[in-house]
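Q: Residue numbers (the working numbering), protein chains in the order written: chain A, 785 to 1130; chain B, -18 to 294.
Derived, one-sided and incomplete: chain B residues facing chain A with beta-carbon distance under 7 Å:
hint, residue
1, Leu76
2, Thr77
3, Trp207
4, Ala211
Bear in mind the hints are in silico, worked out from the structure with no lab data behind them.
The beta carbon of each residue, even a glycine, is placed where N, CA and C say it ideally should be.
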Amino acid sequence: MILPRWLWAPCAFLLSVLLGLATSSILLLVVHQPVLQTYNAIFYGALGSWDALQSSLVFAEPIAFTGLAAAVAFRARVWNIGGEGQMVMGAFGAGLIALNTSMPYPFMLAAVVVCGVIWGAIWGFIPAALKVWLGVNEVLSSLMLNYVAIFWLDSLLYGPWRQPGGGWPFSAYFPDAARLPAIGSELDVGVVIAPVIALGLGALFRFTCWGFEISVVGNSHQAARYASISVSRITIMVMLLSGGIAAMAGIQQVCGSAGRLYVLVPGYGYLGILVSWLAGHNPLAVLLMAVFYGILLQGGTALQIAQIDPALVRIIQAAIILFALAGLTLASRYRPRPRSSTVDRA
Amino acid sequence: MNTTILINILAGSVVAATPLLIAALGELVVERSGVLNLGIEGIMLIGALTAVAATLATGTVIVGVFSAIAAGALLGLLFSLLTVTIRADHVVAGLTLVLLGDGISSFSGHGLVAKEVPQSLHAVPIPVLSDVPFLGPIFFDQNLLVYFSYIMVAAIWYFLYRTRPGLALRAAGENPSAVDVAGWNVFRIRHLAVIFGASMAGLAGAFLSIAYLNSWAEGMTAGRGWVALALVIFAGWHPVKLLGGAFLFGFAYILIAESQVLGGIFYYVSTYIMQMFPYLMAIAMLAAIGRRAMRRRIGAPAALALPYAREER
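The shape of chain A in the complex, shown without the other chains:
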């Protein structure tokens, strides 16, 4: 083959994006929307200037965290669909400390982050425990817990935690000591933390025993048992880690530029799953895909400013994802095999 093995997936993805754009152009024409103006607005609004790029990264940040969270679980083939709920519980945990205690700066922030991560991990632990001990399908239990988490935060924001005197479902502002340091006008330090976590996960998967065990469990439970790797232990550890990382998405949203609890924008948890899959559960590729998605989302905002229906971006996204799903599946099947046969891409 002319194309080296490792280039198959990226090329398939690029081709899929192009096909997706072509298809959405046709769709846009069908619904009588200006095609070039739409793409133009998305491009300049999301990449055209430093400010625009920064706004794109603001969208990319939580997706990077939920994407990394999904990658950890999916590598072990544990289907954690609960990134959304773990993110919300992360925000809740952060608020729990930030709104109820006061400490000097570094301790306060540390306590806020740790508490958020613990709550996210708890929300990851529940479906893991249900799966390991009661055989409950983790797709459904983690998903149901998303709704529980969202309603729980709602009940607080419309109830005891609502800012005194305010009509909107916002909490009071967090003290400055509980805020993440800012980078630039809109970004916070999370934009650095996400790559650090990605590198850490990359090293974990590649160089550690534990990362190897995760891959074995992900490829075959039977092989794992023969190698006396406990599938239950890996499932629980992977879900704790995944929940904790997903929680960072929530912590970053409330302790970043918002600085208070609010009803989080829904969907980042689910986007993380897609992003992770598109990236082949490779942590560094997850970052790239998160940025790609951030650009699309910021493109939606840009459309609104250009007075074009922002939901058009969703159609473009959908078209791209469908082609990428088909394209990456086919690419992994028909790419040249190495000597030893490998298991098909999940």
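Fit chain B to the given chain A structure using the hints.
A: Leaving out everything else, chain B in the frame of chain A:
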């Protein structure tokens, strides 16, 4: 609590249960054929929107219902092309379908939000049965789609357990190579099953928007598609056992809707906490079933969510 209120609540539960039952019946057939369609939530949203749009455009509810079924079938075709033909991962394809349905329905539904459907499905009491005391008004004074869901339970049971194609479909979910060797076309079985299941999900969405809530709202399915998926597991992949689970969840939804009216302890519980209830109930039931399933080794079709390829036979 007097009997009239009780009858009203139980009759309401039957109505609230119907979309769950219809969607779950469809998914049951899909899963029995070996395909896992997690995209029900998205298909229901598109079905709900299509039904409202078509009903408002033509003024006829029947057109709305059939458009929703057609929209569901189309999404089903898309899903089966991805999972059966291209053999993409079922879980990822399903989630994509949810995002797709959510995105498209909220995009196309802007102009329709809060527009009431003029003439929605109304109750058609069945002559003799509806006069049965207590049970009559609960089960037999409902709209036609509710009756349709009863019939479908029986029809799907009959199809799966008493016909040869039904046997082939069940076998395709357990051991597709054997079905292939026996001369049945596994791909065709799975394509048709997925399209059928997605049409049912579209219909379930239509029921929500034109027979239950009477208008379109963004994200109006509110997790019902996922609850339907859980119901299939509770029922142990058996159509008749779906009835009980669906009615139980219908009852839960009605309790939430009526909690303020009911008074008593419900008055003091925040509505947000109440709204968690169906999901917590679903998890609790999955846990209860899970334990039993582990003991008795009953459960999912053996080839569920495994793409079938002839060359790997």
